[in-house]
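Asker: One-letter residues, chain by chain:
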Amino acid sequence: MKAPGLRPPPKHAPKKLRTEADLRALQRMMTHALVQPLTADDELAPRWHDGRPMAEVVAEFIKPNDRLTAGERLKIYSISYWYRLIDAVYEDAPGLRGLLGEKKFSALVRAYLAKYPSRSFTMRNLCARLPQFIREEPRWTAPHTGVALAVARFEWAQTVAFDGEARPVLTPDDVADVPPARLRLGLQPYLSLLALDWPVDDYVIAVKERDALRNDASNAIDRGPRAASRKKVRRPRRRRVFVVVHRYDLRLFYKRVDPAAFQILEALAAGRTLARAVAAAGRGVQPEQVREWFATWMELGWFCKRAGRLSGRS
Amino acid sequence: MPANRFNAFTDYGIGIGLRVPHYAHILEKKPVVDWFEIISENFMVDGGRPLHVLDQILEQYRVVQHGVSMYFGSADKPDRAHLRKLKALVRRTKTPWLSDHLCWGSVDGTFTHDLLPMPYTFSAAKRTAEKIRYVRDYLEVPICVENVSSYAEFHVSEMTEWEFLSEVVERADCGILLDVNNIYVSSKNHNFDPYAYVNGVPPDRVGQIHVAGHTKFEKYILDTHDHPVLDPVWKLYAHAIARSGVTATLLEWDDRIPSFNEVHHEALKANEFIGGARAANFARRALPKKR
Ligand SMILES: [Fe+2]
Chain A
327 MKAPGLRPPP KHAPKKLRTE ADLRALQRMM THALVQPLTA DDELAPRWHD GRPMAEVVAE
387 FIKPNDRLTA GERLKIYSIS YWYRLIDAVY EDAPGLRGLL GEKKFSALVR AYLAKYPSRS
447 FTMRNLCARL PQFIREEPRW TAPHTGVALA VARFEWAQTV AFDGEARPVL TPDDVADVPP
507 ARLRLGLQPY LSLLALDWPV DDYVIAVKER DALRNDASNA IDRGPRAASR KKVRRPRRRR
567 VFVVVHRYDL RLFYKRVDPA AFQILEALAA GRTLARAVAA AGRGVQPEQV REWFATWMEL
627 GWFCKRAGRL SGRS
Chain B
-12 MPANRFNAFT DYGIGIGLRV PHYAHILEKK PVVDWFEIIS ENFMVDGGRP LHVLDQILEQ
48 YRVVQHGVSM YFGSADKPDR AHLRKLKALV RRTKTPWLSD HLCWGSVDGT FTHDLLPMPY
108 TFSAAKRTAE KIRYVRDYLE VPICVENVSS YAEFHVSEMT EWEFLSEVVE RADCGILLDV
168 NNIYVSSKNH NFDPYAYVNG VPPDRVGQIH VAGHTKFEKY ILDTHDHPVL DPVWKLYAHA
228 IARSGVTATL LEWDDRIPSF NEVHHEALKA NEFIGGARAA NFARRALPKK R
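Top to bottom, those sequences are chains A and B. Under the numbering used here, the letters of the first sequence match residues 327 to 640, in that order. Under the numbering used here, the letters of the second sequence match residues -12 to 278, in that order.
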């Protein structure tokens, strides 16, 4: 089994529970049965990983009743496991779904969850490894892997911006006395810097707007006008954009920035001093322009202290 | 009995679960609600809107925390980072007590996000009770454990579910969040008498009660929380409060959530049974025993 973290199940379910190890063995057994992908028609996989019939293995630890076999009882849990997680990914990745279409997206999500089951107490983190998975297994998104990856990164950045940590904002007064050659600014943890080869920010917004229209239509009239729902959002054309996904006044925002501005922000995020970060933007950038950028970023509250210090002595 | 050490000697009435679709209504209209139950995990975040909304709710209402991921019955040890987050939230909400489920749902750090049934064995009861004590000592707040609804039973079980629940709460010396809908659902799925269940748990440990709706399928009942409470569940509720005394009661409605008023109205139906239970309890205490 590929589930990282989840250790292999015992050969057979424990016949008695005497120790903590027995309890763990039983729980491993059942978890393996649950996280095993369903078949195309949402049945339990026919075989256990060692080749035995699944029904036989499940019957080792689950009792049947007068209406359901052990396998049928487990299937209630398995279906609910898969659809709970699938629904959560659907909710967090509407853009990716729009991009790939229902069938492809569903296959991607199932393959992703089979390889990377949840490792967090909250489903909020469920899509954290989706960009990595898209990179590792491009066949689920081909021939649109590049744009799919951009959308997945953008959508994960939204989750981070929604409820990520906000540190106390740095004000101009906080940094006034530190010379630029020593000043290191932190960026808010809720903020993501994305250099994207496709303008997926516009694309995701368009998909969300279309989906909202679709919901309105289906709420208003049961079998209402389908014009809104059929409207296709055009896949974006390749073009490099630099996007900062952030939060302001508790709302999500995406801000396109100039390539030079993006380089400054990336250098700051990497821990460079202010002087070196500005230098990273290259010679073509006017000082007034840089001052203007910093004034905006300060106003948006993007800067915070870096891990407990203002100036770098490292 | 209603106010006891498992609910921090509070005397809360009828509450409802705080859910996202109702935020705007609650914050704007400020309806009278005795208390809200929050899902702890929804607010165990580092920042942003969820905590902002919670702080506004806390200014106006009494809030009790209900968790879905502590997994007292899991063989995994409690995660310290998780507990630290939870404790920060406990300090923020000042929840008088905290509830989570008598179940498991993760192993080796892999999470199913489900409330999976326990094997009802003495060794599992002992382990689970130790974990409850550990969590309570860390969080410094009384704990009530909730019985879950279930669809499967294990061969290794050595006792009934209510015997297991009793064994755990006695060993842990903690309270019970008695979910009468879950009892009813499981009684149908496993062919037992729901009244035997209610009669089988220590009544003085019940610190809170849940009611909810469920859905019937051909061969089993699913605990869907997307309906009004069904009659047999209200009857079981009446029986539970006649036995334990009237205690903090909460309606869970988690799916296909109707308007705030509809949910609240459904919750307040509990009053129809509370009056009767109070009268019966009063009569039992006030009237001289017949010889
Ligand atoms: Fe419940």
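Any given hint might turn out to be false.
Quick partial rundown of chain A residues pointing at chain B, CB under 8 Å, derived from the structure [claimed, not checked]:
#1 Gly331
#2 Gln353
#3 Met356
#4 Leu360
#5 Gln362
#6 Tyr403
#7 Tyr409
#8 Arg410
#9 Ile412
#10 Ser446
#11 Ala468
#12 Asp575
#13 Leu576
#14 Ala607
#15 Arg609
#16 Gln612
Honestly, the hints are just simulated from the structure, not real lab data. For glycine and all other residues, C-beta sits at the position ideal for the given N, C-alpha and C.
Asker: Now, for every hint given, state plainly whether the structure supports it.
Answerer: Okay, the hints, checked on the actual structure:
no., hint, result
1, Gly331, "5 Å, holds"
2, Gln353, "4 Å, holds"
3, Met356, "7 Å, holds"
4, Leu360, "6 Å, holds"
5, Gln362, "12 Å, violated"
6, Tyr403, "6 Å, holds"
7, Tyr409, "11 Å, violated"
8, Arg410, "6 Å, holds"
9, Ile412, "12 Å, violated"
10, Ser446, "7 Å, holds"
11, Ala468, "29 Å, violated"
12, Asp575, "10 Å, violated"
13, Leu576, "5 Å, holds"
14, Ala607, "29 Å, violated"
15, Arg609, "38 Å, violated"
16, Gln612, "35 Å, violated"
Going through the hint list in order, the structure does not satisfy hints 5, 7, 9, 11, 12, 14, 15 and 16.
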